[in-house]
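Those protein sequence lines, which keep their order, are chains A and B.
If you count the first sequence from 1, position 72 lands on 72 in full-length UniProt numbering, and the numbers rise without skipping.
If you count the second sequence from 1, position 345 lands on 345 in full-length UniProt numbering, and the numbers rise without skipping.
Take the hints with a grain of salt, since some may be wrong.
Identical copies go unnamed one by one, so any copy, or any two together, can satisfy a pair.
[Claimed, not checked] EDC-like mimics (lysine to aspartate or glutamate), calculated; alpha carbons at most 16 Å apart, straight line:
#1 K5 <-> E415
#2 K222 <-> E360
#3 K246 <-> D108
#4 K216 <-> D166
#5 K248 <-> D131
#6 K246 <-> D106
Worth flagging that the hints you see were computed from the coordinates, not collected in a lab.
Number of protein chains: 2
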Amino acid sequence: MEYKKIDHQDMEFIRNLINDPERILFGENINEEYSHDELSDTESYPDVVVKVISTEEVSSIMKYAYENNIPVTPRGSGTGLVGASVAMEHGIMIDTSLMNHVLELDEDNLTITVEPGVLLMELAAYVQDRDLFYPPDPGEKSATIGGNISTNAGGMRAVKYGVTRDYVRGLEVVLPNGTVVEFGGKVVKNSTGYAMKDLMVGSEGTLGIITKAILKLLPLPKKAISLLIPFPSLEQAIRTVPLIIKSKSIPTAIEFMQREVIMDAEKYLGKKFPDNSSDAYLLLKFDGNSTEEIERAYDSVAKICMEQGALDIFISDTTEREESIWKARGAFLEAIKGSTTYMDEVDVVVPRSSVNEMVEYIHSLHEKVNIRIKSFGHAGDGNLHAYVLKDDLSDEEWEKLMNEAMDLIYAKARELNGQVSGEHGIGYAKKSYLLQSMDPATVEIMRGIKAAFDPKNILNPHKVCQM
Amino acid sequence: MEYKKIDHQDMEFIRNLINDPERILFGENINEEYSHDELSDTESYPDVVVKVISTEEVSSIMKYAYENNIPVTPRGSGTGLVGASVAMEHGIMIDTSLMNHVLELDEDNLTITVEPGVLLMELAAYVQDRDLFYPPDPGEKSATIGGNISTNAGGMRAVKYGVTRDYVRGLEVVLPNGTVVEFGGKVVKNSTGYAMKDLMVGSEGTLGIITKAILKLLPLPKKAISLLIPFPSLEQAIRTVPLIIKSKSIPTAIEFMQREVIMDAEKYLGKKFPDNSSDAYLLLKFDGNSTEEIERAYDSVAKICMEQGALDIFISDTTEREESIWKARGAFLEAIKGSTTYMDEVDVVVPRSSVNEMVEYIHSLHEKVNIRIKSFGHAGDGNLHAYVLKDDLSDEEWEKLMNEAMDLIYAKARELNGQVSGEHGIGYAKKSYLLQSMDPATVEIMRGIKAAFDPKNILNPHKVCQM
Numbered sequence: 001m002e003y004k005k006i007d008h009q010d011m012e013f014i015r016n017l018i019n020d021p022e023r024i025l026f027g028e029n030i031n032e033e034y035s036h037d038e039l040s041d042t043e044s045y046p047d048v049v050v051k052v053i054s055t056e057e058v059s060s061i062m063k064y065a066y067e068n069n070i071p072v073t074p075r076g077s078g079t080g081l082v083g084a085s086v087a088m089e090h091g092i093m094i095d096t097s098l099m100n101h102v103l104e105l106d107e108d109n110l111t112i113t114v115e116p117g118v119l120l121m122e123l124a125a126y127v128q129d130r131d132l133f134y135p136p137d138p139g140e141k142s143a144t145i146g147g148n149i150s151t152n153a154g155g156m157r158a159v160k161y162g163v164t165r166d167y168v169r170g171l172e173v174v175l176p177n178g179t180v181v182e183f184g185g186k187v188v189k190n191s192t193g194y195a196m197k198d199l200m201v202g203s204e205g206t207l208g209i210i211t212k213a214i215l216k217l218l219p220l221p222k223k224a225i226s227l228l229i230p231f232p233s234l235e236q237a238i239r240t241v242p243l244i245i246k247s248k249s250i251p252t253a254i255e256f257m258q259r260e261v262i263m264d265a266e267k268y269l270g271k272k273f274p275d276n277s278s279d280a281y282l283l284l285k286f287d288g289n290s291t292e293e294i295e296r297a298y299d300s301v302a303k304i305c306m307e308q309g310a311l312d313i314f315i316s317d318t319t320e321r322e323e324s325i326w327k328a329r330g331a332f333l334e335a336i337k338g339s340t341t342y343m344d345e346v347d348v349v350v351p352r353s354s355v356n357e358m359v360e361y362i363h364s365l366h367e368k369v370n371i372r373i374k375s376f377g378h379a380g381d382g383n384l385h386a387y388v389l390k391d392d393l394s395d396e397e398w399e400k401l402m403n404e405a406m407d408l409i410y411a412k413a414r415e416l417n418g419q420v421s422g423e424h425g426i427g428y429a430k431k432s433y434l435l436q437s438m439d440p441a442t443v444e445i446m447r448g449i450k451a452a453f454d455p456k457n458i459l460n461p462h463k464v465c466q467m
Numbered sequence: 001m002e003y004k005k006i007d008h009q010d011m012e013f014i015r016n017l018i019n020d021p022e023r024i025l026f027g028e029n030i031n032e033e034y035s036h037d038e039l040s041d042t043e044s045y046p047d048v049v050v051k052v053i054s055t056e057e058v059s060s061i062m063k064y065a066y067e068n069n070i071p072v073t074p075r076g077s078g079t080g081l082v083g084a085s086v087a088m089e090h091g092i093m094i095d096t097s098l099m100n101h102v103l104e105l106d107e108d109n110l111t112i113t114v115e116p117g118v119l120l121m122e123l124a125a126y127v128q129d130r131d132l133f134y135p136p137d138p139g140e141k142s143a144t145i146g147g148n149i150s151t152n153a154g155g156m157r158a159v160k161y162g163v164t165r166d167y168v169r170g171l172e173v174v175l176p177n178g179t180v181v182e183f184g185g186k187v188v189k190n191s192t193g194y195a196m197k198d199l200m201v202g203s204e205g206t207l208g209i210i211t212k213a214i215l216k217l218l219p220l221p222k223k224a225i226s227l228l229i230p231f232p233s234l235e236q237a238i239r240t241v242p243l244i245i246k247s248k249s250i251p252t253a254i255e256f257m258q259r260e261v262i263m264d265a266e267k268y269l270g271k272k273f274p275d276n277s278s279d280a281y282l283l284l285k286f287d288g289n290s291t292e293e294i295e296r297a298y299d300s301v302a303k304i305c306m307e308q309g310a311l312d313i314f315i316s317d318t319t320e321r322e323e324s325i326w327k328a329r330g331a332f333l334e335a336i337k338g339s340t341t342y343m344d345e346v347d348v349v350v351p352r353s354s355v356n357e358m359v360e361y362i363h364s365l366h367e368k369v370n371i372r373i374k375s376f377g378h379a380g381d382g383n384l385h386a387y388v389l390k391d392d393l394s395d396e397e398w399e400k401l402m403n404e405a406m407d408l409i410y411a412k413a414r415e416l417n418g419q420v421s422g423e424h425g426i427g428y429a430k431k432s433y434l435l436q437s438m439d440p441a442t443v444e445i446m447r448g449i450k451a452a453f454d455p456k457n458i459l460n461p462h463k464v465c466q467m
């Protein structure tokens, strides 16, 4: 595909449209951070960054770009891990981080309408202050809600509450040709035509640019309690998870973690974790509207854990303790990152019953491939995060061993009927694994869907399923 | 579009493939019921009906049909209300009702894998016997699960548990060209490429034929209690709903109903409803794992209802009473049908806060258009079912008045930011209203999606968004 290079005339159009030099970055004024995201070594500079403040601006830019065949890459706060927000073909980057307003809280319909640049942590705090609850809770709280929607972000509370898609009711979207459309709305049910809202969620900025989102809220649960449960081995810990799921007390979150990663987090945060004496832990959370309700739930689960060989049950029932444990959990990614020179990540998801086999396999690679790998993850929903560490390997060794490890991990996930990504998406970095694991007929249809939205392939090219 | 008419050679192919004359209906052997569905006056006969028993048969038929440009219409038990399973271009009808086996119950992953012809009531009973729960609960229990998935069926429990899409984890699909693909799987989370599974749900048999479904189950709640709450007026009843939603006690179901429809149901079932002395009722259901938990929930909601002017609270706390109330509720559609000569239906969904305005508007049409309309519906999720009754109108009067009423109802729904269908789908009968209410740009993309799956437009033509 031949794209037009940005020239003087294009810049003139953008300057006239935006009419505020501070919201346009060009050439050497483009900060290095705009050339990559949080983890992937996918690197490429846009020619111009436009910090948009309205749907109209996004629409005008897309219309112009479409007519002139200029590639456009949308970007939130750049916390992605797979290069989805990197401008592979340069061109225009639309930075939505200034579109960060809460537009409406509708207490009758229990919805909140936000611009895409609102940060997850801002949204969570805003609704909590009003006794309401936005359940999706990915580790990265400084992600924008637009980014969360674009990757269908999951997070810790997915066991009980589901993922981002389940909380998106409606979207305002600017199509690649600049047309503004609405998918869904405030309605709770919808069987009106194809599931455009659901298709848009998780499409990683390749089908349209989200300029407004109507999100579903819940009443804020009144109480929450967490249990940190040490086990003699990871195997025992993980084998307990299906028994918990089958009991009638569905926890809000079921995470697994190992001593190594806990110690990284202690070092990173400069704070002690409640316990680090065991090899493996389950971290469970329960929430509800009364202490008795929660106690009944966690009593039965604690009993299951003890029967399965748990060494102890640490109960965290104050807000402070709760926050300190989950803050440590939320810091795992950064903590592991701080423990090595460079790393790459895996975000596979397998059926819950295969988590144990997957984790054991990943551990076995340390010997097989001779590279360090750390992992933790969402045991309750089969979504594992494994980090392959560069440590002091040379660039060539790293490239070779990392690829070897990745190939083996994704092949194992396929064997276990898993998928390439549970919540981080495909972006640019995981594209080859998507193409390896997916039926060619499905890839062809996905490309047909992309063409239906974006026949000129100007929006976020080379991502997800596009070569 | 020019399709090939079924000829001797095509029949030869089908006979050789199926090798069982009892599973092939041709010409005059095709039962009248195959020419329409449960409500719509959309009528058209297929040339041949094939009662398939395997994915391979479906795949072979589709491959042949694709190569020979023969239209194909999939059909479950034909309980749809919008003509989605009617063979508008004749050709081959694929009847999936013999593919009615439960293939696997996976208690570790809490999933059940079924063929598409399993009936909703069979599925519900199968899992309940094993202390498990499939929450979606549309009124029509003899629908197939394949049909439920194809319309993204909602039902009574959507307030607490969501709709069919939320319980579909994975699908095996035969594409229009005969290729067999899998979308999703047993995994709980998935951000691997576009949301093909979600797109397939609700696509009304236009994108592919579902041959297997992996469904999510929950542990069976141990207790359920229902409250039947009479109000002096429908307005008071419905104004109470947002207050219930905002309270922290989310009921499983919130239905509204009026005396008129209750009396139809009493007549239809030959059984008395617990009360029919008031104009309007809310029917609430609560479920949970302990009597105390449920009592706490319904106590606070009962209090809200009394504050809003409820006349009484009838508590139904035995399985028998529960079943009799919900059986009556489930019979409303058939009961109304029995009270007139012919009817057509509306399945609009509006934001919960606009239910009252929508219902009042529908009532006002009795005078405005001079036609009888009865309604009931899911007050908890804004999904209203209104039935326009023919009574003793002549065909011409009916055609005129019914269209007039429909146009006004859908226009009002649009005005209230509602959608054409909450759970019944678009099919053939509601296509004009979809096209009126939807942005042309969105319709164009939907058609592009259809073309990506079915470039020859042989699968279920003239449905949803296809002219």
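Checked hints:
1. Taking the shortest Cα distances, K5 and E415 never come within 16 Å of each other, neither inside one copy (44 Å) nor across copies (44 Å).
2. With identical chains, the CA atoms of K222 and E360 are never at most 16 Å apart, being 38 Å at best within one copy and 36 Å at best between copies.
3. For a Cα distance limit of 16 Å, the shortest separation of K246 from D108 across copies, 7 Å, qualifies, whereas the shortest one inside one copy, 35 Å, does not.
4. Taking the shortest alpha-carbon separations for K216 and D166, both the intra-copy value of 8 Å and the inter-copy value of 15 Å come in at or below 16 Å.
5. Taking CA atoms no more than 16 Å apart as the test, K248 paired with D131 passes between copies only; the shortest distance there is 10 Å, against 27 Å inside one copy.
6. In the homo-oligomer, the alpha carbons of K246 and D106 lie at most 16 Å apart only across protomers (11 Å), although the nearest pairing inside one protomer, at 36 Å, exceeds that limit.
This entry does not satisfy hints 1 and 2, going by the numbered hints stated previously.
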